[in-house]
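Student: In order, the protein sequences belong to chains E and S. For reference, each letter of the first sequence is one residue, going 1 to 476 in UniProt numbering. For reference, each letter of the second sequence is one residue, going 1 to 476 in UniProt numbering.
Okay, derived cross-link-like pairs now, BS3-like style, lysine-lysine, Cα gap no bigger than 30 Å in a straight line:
#1 S:Lys447 to E:Lys58
#2 E:Lys58 to E:Lys475
#3 S:Lys58 to E:Lys475
#4 S:Lys58 to E:Lys447
#5 S:Lys126 to E:Lys244
#6 E:Lys40 to E:Lys442
#7 E:Lys244 to S:Lys244
#8 S:Lys40 to S:Lys350
#9 S:Lys350 to S:Lys447
#10 E:Lys58 to S:Lys475
#11 E:Lys126 to S:Lys244
Derived CB-CB ranges, DEER-like:
#12 E:Ala104 to S:Gly301: 17 to 27 Å
#13 S:Ala220 to E:Arg38: 48 to 58 Å
#14 E:Glu127 to S:His374: 31 to 41 Å
#15 S:Glu312 to E:Ala220: 11 to 21 Å
Hint data in this document are derived by calculation from the structure and do not stem from the laboratory. Quick caveat, the model's predicted, so the values are computed rather than measured. Glycine is no exception: its CB is placed at the ideal position from the N, C-alpha and C atoms.
There are 2 protein chains.
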Amino acid sequence: MNTHTTLLVTLRGIVGDAHVLTEGDLTAYEQDWRKRERGKALAVVRPSTTAEVAAVVKACAATGVSIVPQGGNTGMVVGSIPDASGQQVVLSLQRLAQIRQLDAANLTVTVESGCILQTLQEACEKEGFLFPLSLAAEGSCTIGGNLSTNAGGTQVVRYGNTRELCLGLEVVTAQGEIWNGLTGLRKDNTGYDLRHLFIGAEGTLGIITAATLRIYPLPATQLTAFAAVPSLEAAVALLGLAHKHLNAGLTGFEVMGAFALGLVRKHFPQQNVPFQTGPDVPPYCVVLENSDHESESHARGQFERLLEAALEQGCVLDAVVAENLAQARALWHIRESIPLAQAQEGLNIKHDISIAVSRIPAFVQETDALLEQHFRGARLVNYGHLGDGNLHYNVQAPVGTDAEAFLRDQEGPINALVYDVVDRYNGSISAEHGIGSLKRDKLEHHKSPVALNAMRAIKLALDPHNLLNPGRVLKL
Amino acid sequence: MNTHTTLLVTLRGIVGDAHVLTEGDLTAYEQDWRKRERGKALAVVRPSTTAEVAAVVKACAATGVSIVPQGGNTGMVVGSIPDASGQQVVLSLQRLAQIRQLDAANLTVTVESGCILQTLQEACEKEGFLFPLSLAAEGSCTIGGNLSTNAGGTQVVRYGNTRELCLGLEVVTAQGEIWNGLTGLRKDNTGYDLRHLFIGAEGTLGIITAATLRIYPLPATQLTAFAAVPSLEAAVALLGLAHKHLNAGLTGFEVMGAFALGLVRKHFPQQNVPFQTGPDVPPYCVVLENSDHESESHARGQFERLLEAALEQGCVLDAVVAENLAQARALWHIRESIPLAQAQEGLNIKHDISIAVSRIPAFVQETDALLEQHFRGARLVNYGHLGDGNLHYNVQAPVGTDAEAFLRDQEGPINALVYDVVDRYNGSISAEHGIGSLKRDKLEHHKSPVALNAMRAIKLALDPHNLLNPGRVLKL
Numbered sequence: 001m002n003t004h005t006t007l008l009v010t011l012r013g014i015v016g017d018a019h020v021l022t023e024g025d026l027t028a029y030e031q032d033w034r035k036r037e038r039g040k041a042l043a044v045v046r047p048s049t050t051a052e053v054a055a056v057v058k059a060c061a062a063t064g065v066s067i068v069p070q071g072g073n074t075g076m077v078v079g080s081i082p083d084a085s086g087q088q089v090v091l092s093l094q095r096l097a098q099i100r101q102l103d104a105a106n107l108t109v110t111v112e113s114g115c116i117l118q119t120l121q122e123a124c125e126k127e128g129f130l131f132p133l134s135l136a137a138e139g140s141c142t143i144g145g146n147l148s149t150n151a152g153g154t155q156v157v158r159y160g161n162t163r164e165l166c167l168g169l170e171v172v173t174a175q176g177e178i179w180n181g182l183t184g185l186r187k188d189n190t191g192y193d194l195r196h197l198f199i200g201a202e203g204t205l206g207i208i209t210a211a212t213l214r215i216y217p218l219p220a221t222q223l224t225a226f227a228a229v230p231s232l233e234a235a236v237a238l239l240g241l242a243h244k245h246l247n248a249g250l251t252g253f254e255v256m257g258a259f260a261l262g263l264v265r266k267h268f269p270q271q272n273v274p275f276q277t278g279p280d281v282p283p284y285c286v287v288l289e290n291s292d293h294e295s296e297s298h299a300r301g302q303f304e305r306l307l308e309a310a311l312e313q314g315c316v317l318d319a320v321v322a323e324n325l326a327q328a329r330a331l332w333h334i335r336e337s338i339p340l341a342q343a344q345e346g347l348n349i350k351h352d353i354s355i356a357v358s359r360i361p362a363f364v365q366e367t368d369a370l371l372e373q374h375f376r377g378a379r380l381v382n383y384g385h386l387g388d389g390n391l392h393y394n395v396q397a398p399v400g401t402d403a404e405a406f407l408r409d410q411e412g413p414i415n416a417l418v419y420d421v422v423d424r425y426n427g428s429i430s431a432e433h434g435i436g437s438l439k440r441d442k443l444e445h446h447k448s449p450v451a452l453n454a455m456r457a458i459k460l461a462l463d464p465h466n467l468l469n470p471g472r473v474l475k476l
Numbered sequence: 001m002n003t004h005t006t007l008l009v010t011l012r013g014i015v016g017d018a019h020v021l022t023e024g025d026l027t028a029y030e031q032d033w034r035k036r037e038r039g040k041a042l043a044v045v046r047p048s049t050t051a052e053v054a055a056v057v058k059a060c061a062a063t064g065v066s067i068v069p070q071g072g073n074t075g076m077v078v079g080s081i082p083d084a085s086g087q088q089v090v091l092s093l094q095r096l097a098q099i100r101q102l103d104a105a106n107l108t109v110t111v112e113s114g115c116i117l118q119t120l121q122e123a124c125e126k127e128g129f130l131f132p133l134s135l136a137a138e139g140s141c142t143i144g145g146n147l148s149t150n151a152g153g154t155q156v157v158r159y160g161n162t163r164e165l166c167l168g169l170e171v172v173t174a175q176g177e178i179w180n181g182l183t184g185l186r187k188d189n190t191g192y193d194l195r196h197l198f199i200g201a202e203g204t205l206g207i208i209t210a211a212t213l214r215i216y217p218l219p220a221t222q223l224t225a226f227a228a229v230p231s232l233e234a235a236v237a238l239l240g241l242a243h244k245h246l247n248a249g250l251t252g253f254e255v256m257g258a259f260a261l262g263l264v265r266k267h268f269p270q271q272n273v274p275f276q277t278g279p280d281v282p283p284y285c286v287v288l289e290n291s292d293h294e295s296e297s298h299a300r301g302q303f304e305r306l307l308e309a310a311l312e313q314g315c316v317l318d319a320v321v322a323e324n325l326a327q328a329r330a331l332w333h334i335r336e337s338i339p340l341a342q343a344q345e346g347l348n349i350k351h352d353i354s355i356a357v358s359r360i361p362a363f364v365q366e367t368d369a370l371l372e373q374h375f376r377g378a379r380l381v382n383y384g385h386l387g388d389g390n391l392h393y394n395v396q397a398p399v400g401t402d403a404e405a406f407l408r409d410q411e412g413p414i415n416a417l418v419y420d421v422v423d424r425y426n427g428s429i430s431a432e433h434g435i436g437s438l439k440r441d442k443l444e445h446h447k448s449p450v451a452l453n454a455m456r457a458i459k460l461a462l463d464p465h466n467l468l469n470p471g472r473v474l475k476l
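Using the sequences plus the hints, can you model the full thing?
Tutor: Quick look at the structure:
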């Protein structure tokens, strides 16, 4: 038997024949979420315990076969599919999906990395607690993937990214050893913070098998408002007022440009998008969410005082506050429909960038002007998590042009233009989606060489044979 | 000239003659805060810019002289003084102390590492913002030291440790290069999180020269309550109720054992400690703080509802809410006086431990019993940040015995007993004070070998010649 055949036999011995997939339709494991690329796996291996993960890693390490860890495979940057060689093992964590313990008094939940985000949200809610991570793919993404990409989403303004929600990890190292760091401690100063090194490393430093995460008492009520603002500067001023008036009650603050909202109206005419008719369509709208631990009437009072102050200061032109849950959902649904409306409109060039909140208006003004100058007619679909300084600053082909040709010819130059302005504004070229293989070469250009050298040294120190998700994040 | 003399000439050329100290009284730099140890420096070097720090590191690296970075030198674990060899350079960051920028719209402040914590608190307050880190040494500790030890303090229950308050760092590496990671971004997924690796590394991986930190709108009011509870279990139940009722308004939750409060009464009789007279002195009391962004009356209403619920459930026996700022300060002063009262009572054995909040009552019951069994008459001064699961579980010599002899003979065995129970409860032997040289050997015994190996690999990767604070945190 050759080495690969021997390895497959060993892997079948560890996880059982049924969980080493080499035949049939493996598209779900081999193709990325956005269908940009497809690889070929030597095998897809599906362990169901941490010990099995460790044994799989040891077996692969012994034969020099590299491993691509995979959760729900919903990533945006081609970071969790195998390359085309047919020589890599996809290690799917989907069967390692138990919720091990919810500790109410400690306000933590310990969960295995294959657990679907929505499953965890629902399990916590059933016990009266909120697990606040919330994002579009929540029905299929896994906690392990959320941790490995440090997922963001719509409640970061209050609760932080996945990183900030994690108190402890269990990780299988590149040597196939198990680190049990599932302490559930809020304070622990015993050496280097390995937890934060594995979080956001996209499976290149170790394989996260479980985590202890923060949970919160469920709020008594959540209110949603939809406000028209006269400018991005006004949106930033509104954010400052919202922080002052709502404090930790501010759990969502999303901005949407008029063109993005226009696409929603065009492609989903059944949706009732406020403030989009008449002679003076506002350039931007904002969705705000207020989570309140007292009562709905208290939340309404807070919202009213905020919006009064904002109207008085001129940073809000008009606003509606949802009267009930259905209306709140409808308002959020407008925001969530933007990516779909964009896709309906045709292929587009995506940017997931962040800038200090205070500098976003100047950044957008400058970048809009440069794009208009160099790519006449290109249409800007600007929206995102303004509360965190995170914009999805996307570019749609000019009306009536061939979107495919536009993407083929202009994606490179437009990326370069946008990222160069991001650099000048000391921003990030990947706010919440990560690097994967899609942005790896761009990272070389945009990240500080001092940081890149430190990252390479760390990768080589922890995974000297480059077995874990090689070629992702970093060029070695 | 020998190598050291040449180095001193070079260092004088970088920072100026006046800022390379080799003579006179260097006690402030060479002796640790708790006066447990004294070292001898080759020189104390006081750069005033990041470029000077980088040049100093390069000069030391070129001659193989190791560096002990130092802020306010208020650490508790002998981590910032030189060893006795007279061969190490103390690099004091005290002159690198500018507040570079307060960005109100981004809710961040960028500050150099030598800035005194209290100076930063006051500068933010003047602009209407809160920098929430708060701890006993705030009048003399520096931000760089806070970051390097990931300092905790009394508001962690709401705002997290120093780590959670930091968005970006500027660091001088062991090679004397400058990494500018001062982005002020709330979302940035471009590779490994170097920030969290340098935070809490106690100067062994790089020298933090500046940081961009989170600030918050100042609360409208802060109320303090002092509650008697029938047990530690009840204190934990009260904490759960406080999270539900006050939510993010809960900014402080401290527990104090009856013996600890008795020491305050004994040594500071002018202080009026509630609930300590009469036949039924409660075993524990709790200080709660409610920070409110609306109004004092709103805060009082919230506190009243919380305490009513707690009385009804039996987890509070009695409580007082401060009527004004002076009363609130007096209540907090009781809590803050415990370490001083302890010192007045005599030398004692200190533990800075953390356990999952839910397991603290069982931990204390078990450890109290074991100590009583093996060290008859030893007195337990138990108090701390219960909201974070962090206890200062200290042991005072039996009445009438020689405290010095007790410490000399029993510190080792008592440490071992307490830390072994901490291990069994999956806790931490250093919740907020760090490792330094004081706990380095203990860490070898109590930390997972997998984690220790990863830490060593990282140290060698980033500081291969072991120039930065050698011998601290890790045995190489």
